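Colleague: Going line by line, the protein sequences match chains F and C. The numbers in the working numbering rise by one with no breaks, and the one at position 184 of the first sequence is 184. Position in the second sequence (from 1) plus 594 gives the number in the working numbering.
Where hints are given, some of them may not hold.
Unchecked claim - Each computed DSBU-like pair below joins lysine-lysine, with the alpha-carbon atoms no more than 30 Å apart:
hint	chain 1	residue 1	chain 2	residue 2
1	C	K927	F	K224
2	C	K1116	C	K1086
3	C	K910	C	K922
4	F	K464	C	K814
5	F	K476	C	K927
As the list claims (entries may be wrong) - For each label pair, taking beta carbons as the anchor points, the in silico distance ranges come out as:
hint	chain 1	residue 1	chain 2	residue 2	range
6	C	I669	F	R35	42 to 50 Å
7	F	G341	C	P1053	35 to 43 Å
8	C	R648	F	L166	26 to 34 Å
Please keep in mind that the hints were generated in silico from the structure rather than gathered at the bench. It should be emphasised that the depicted structure is a prediction, and the values quoted were computed from it without experimental measurement. All C-beta atoms, glycine included, are put in the ideal place defined by N, C-alpha and C.
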Amino acid sequence: MAKRNTYDEDEELEEKFNLHDYVRVAHYLIPYRRRLGIALASILLGNVAMIMGPFLLKSAIDSAIPQHDMTQLWQLSAFFLITLVVAFGCFRYRIWAITEIGQDLLKDMRTDIFTHLQELPFSYFDSRPHGKILIRVVNYINTLSDLLSNGLINLISDLISLVVTLIFMFAINWRLTLASLVLIPVLAVWTYFVQVAQHKAYRELSNKQSNLNAYIHESIAGIKVTQGFAQEANAIETFDGVAEENRQSYMKAIYVQFALWPGVQNISVLTTALIYYIGIQHVGVIVSTGTLIAFLGYINNFWNPVINIGNFYNSLITATAYLERIFETLDEQPEVKDAPGAFALPPIKGDVQFDDVSFRYDADSPMTLKHVSFHAEPGQTIALVGPTGAGKSTIINLLSRFYNVTQGAVLIDGVDISRVTIESLRAQMGVMQQDTFIFSGDILDNIRYGKLDATEEEVIAAAKVARADDFIRQLKDGYHTTVQERGVTLSAGQRQLIAFARTLLADPRILILDEATAAIDSQTEILLQEGLQHLLAGRTSFIVAHRLSTIRAADQILVVNDGQIVEAGTHQELLAKHGEYFQLYESQYKMLEE
Amino acid sequence: MNPYTWVWQYARKSRGLIIWAVVLILVNAAGIVVVPILSGMIVDQVIDEGHTDRLVPMLLIMIGVTLGRTIVRYIYEVCCEQVGQNALFDIRHDLFAKLQSLDFNFFNTVRTGDIMARLTGDTDAIRHMIAWVSYNVVECILWFFTAVAVMATINVPLMLALVVVTPLIGWLTFKMSNEAHPVFFEIRQSFARLNAMVEENISGNRVVKAFAREPFEIEKFEHLNDDYKQQNMNSAAVSRRYLPPLDFLASFLSVIVLLIGGAFVIGGQMSLGDLVTFNGFLWMLNQPMRMSGWLVNDIQRFSAATVKIRSMLGAKPAIVSTPTVAAKQLQGKVQFDHVSFAYPDAPDTNVLTDINFTVEPGQTLGILGETGAGKSTLMNLITRFYDPTEGHVKLDGIDARDWPVATLRDQITIVMQDLFLFSDTIQDNISYGNHTATPPFIQEMATVADANEFIAAMPEGYDTVVGERGVGLSGGQKQRISLTRALVKDPKILILDDTTSALDMETEAAIQTRLGNITNQKTVFVIASRISSLRHADQIIVLRHGRIVERGTHDQLVAANGYYAETYRRQLGNNADLKGGE
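Can you make the complete structure from the sequences, with help from the hints?
Modeller: Written as structure tokens, this is what we have:
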């Protein structure tokens, strides 16, 4: 059995942080490069307009005011107003364009991760709580939303401001400009230390959030058990424990994250002081009062972007922890995927052959199946019997290629199924499993899941064969009755009948019933079998069941034990053999007769 | 109650921290005034008047004040986050506790993904409000009035010229706030739908794969994904309408300072240094104006989130515990007295009609019936997962509604058809109902349920971790683990709802014999479709369309020649060829 993760266990991440993640994010921007380009141009224009402010103030202080020139003051003010109108227009455009690009990108990412999830095998879903998968598709990507929509754009905008401001500063006075840059290395060192600590803290936090999500999900799914066993108080206590871990790791992250800003702010004031100190020594010599004032204005313009970039860096570090999780999921390779050059399986005639098949779930676990071989002719019904856990379901799972065989081959109509496309294989196969899942929606749509373009008549016809029609008609709105996921208001037997109808509607060439009738009463089952007789004609079918009544009519019965086929033959042949099957059968008989 | 009083109930628990934060915010605001004032003094005293000796002390004050101020700010930001986390913790606790108290009706109608969205995304909007928005609002107000006050001391007319635009800003933010609220509510709804869809897709992944329906699922997802994007764009549309004008007005203050301030300096009403000071304070006026739009967005996001959370906190379970008797040991007598039941969403369709029976302590009642006949519903009435619409369910002669719900659930255990195991070790799953169970007792019960052998054969035995909903185990294995879990709880009344259907008959027989030995002190209900599981019951009832149509012992029912006898003969008949074969 594969190693499983639980809600109270942090997931380990092997991949180290690297720039590569961001390159991948950048790839998502490529389709939008035109729009992004226009948006950036508008940001550039807006920033240039905004940066005129201190420059205009400088002109006023240096010339208009000392010269008592009201006309010039009016001109400067009018020009200032024009720059604001330009900035206004740019800002309006930017909000829309940037949100749209950001949202498109998130949408693409979500689609990618969702599409990828559809390709992942059972084992991926089986080996971790579902809440942990869910949080990646929805919540983590939402966390990126701010970073990408606002953060990234603000970053670009701030970088532009920074450059433009620097150009202005150099143009006005290069000495003072150099002085303002002296403390940048100190800032770099400070940022580095904060970043290292923060990345670690956020990684832990994302783990704890994932755990919390997993626990919530599981609690909802298992609420009947919790309430049935009166364990509510315990559940709340466990929840509080997980939530407390969240609170603590959140605060830990905050302690570090918030340390960045005071550093930047202090360095900024030190720089301002330095400018005053140097500037004043040279007032009148190389610096005018206006220049000094303008310069101090620019220093604000200069430090604001630096602070913002610092903040962006903060959120980048935060997001990295989430980004890693997202890409980790995207990088998860499906074990079962189309082989290179896979071709579509032609319409199945129904000849199924297991050729010396062995299988194990993990490289280091023992073989679940050992050298299984059998051959089913088209149209035959094959029953698999044997004790619980013998490997019957595994055989079924290999046939629909939910797993790849470890050794040997599974052949359909003589074609090795590892060479065909999974889609073409499964589309021709109807598998009905022990776990029946009902989607939220109405019953009609749930049955229609087997054949999306089925008419209502077809759906009802399938339901009739599956003996589901009677009870469905008795429901409040008949076929249009709304059911919730897992069909909680339906009994287990009713859910199985719906799943049955769904499978029948799909009109599969190979039908697999894996303990599909366990929860159905014996009378309904008999009616069901009568209906099935017509359907099974011309189709190969595999039945896993414990009720021998279901099995007797099979063309071949395979007795599975400990991963091997120990007996094979028809009902009569096997009884005559007086082997395992005989014993199994006799014991059932005894149960009723004694 | 408005959202703010509601959230205050949670925040007030951290009053101490809040007081600290407020004091520190004030200290910071006082400190913030120093730098622009010093700038003005430097221009006037050092540059204009040439007191160069004052420069260095002034700069040192500037640096010292900033250092102190940033530390103060760090502390109150952390304080606010702590308040936010504390409130978040309490809100989540209340939501989760509520969830535990809600009955099946709630879970039958609300999707898992929707509930999860409330516990994660929606609560986070509230945290953000407490931890960030609140102090930013306070800061903005404080800055605004500090700036006005300081400016008033320098030049009242210029100050008034700046303040004149404030009503316009107030009007814009008010309008924006009204427009933003419904938009954010729609975003939350859209998010919940997306979340619920993905959740179902993950839970139903086996079915999706079995039918190769991946393209269909992706299409469904695309649709919701696109809707979510659209909702976000609607929010951007509101921002586009209001944020640029707000920003424009804020920047416009600079023009006023330049023009009017410049004219004042020219006219001799104020000094150049005063103009510089004014300019230095300008950000304290225009920053709140710029921020107002963003803050309004955040506040509306918060407000939309509280609606969803409070509707869940306010959900009323139909089953409430209003006990009139004290918690005590059940004897195990169960009576159904003219019980009828219909689900709330279909009140006209009776699932059970006029059910009457009495089971004495220690007896076993067998129930046979077709799929959907109402067998499981009957059992859910005993543990009060639902209340009957008519009649009474009595335990030890007392109406189930008069017992404390906890007592009932503690002493009555259902092994449900719908098996659920937690993603935890088998050991912890088994001791779920009885944490104090000793390993020997657990193994003993596992042996009764025929689970000990296969569990012990697993690589890590009882410490093997099983996946959510018990995936990775076969149906029969899950059933035996659930049975063990129920037995370990050692209940007074045990309900087995088709518990052994996935087992072969031989295993089932062995389990039944062993069960018989340990359950003679327990009242047992057995729902089954195999006669072999029912025949030894003290009483057997046959349900059809929610009514009892036959009742009696095995022999009586076989003699009565009804549905039971027919089922029996059919199951027996299947084995006829064995007889013939010998």
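Colleague: Hints first: check each against the structure and report whether it holds.
Modeller: Evaluated hints:
1. K927(C) to K224(F): Roughly 24 Å separates the two Cα atoms, so the pair holds.
2. K1116(C) to K1086(C): 5 Å, holds
3. K910(C) to K922(C): Within the cut-off at roughly 27 Å; holds.
4. K464(F) to K814(C): 28 Å, holds
5. K476(F) to K927(C): 34 Å, violated
6. I669(C) to R35(F): 42 to 50 Å: About 43 Å separates the Cβ atoms of I669(C) and R35(F), which means 42 to 50 Å holds.
7. G341(F) to P1053(C): 35 to 43 Å: 37 Å, holds
8. R648(C) to L166(F): 26 to 34 Å: Given about 31 Å between the Cβ atoms, the range holds.
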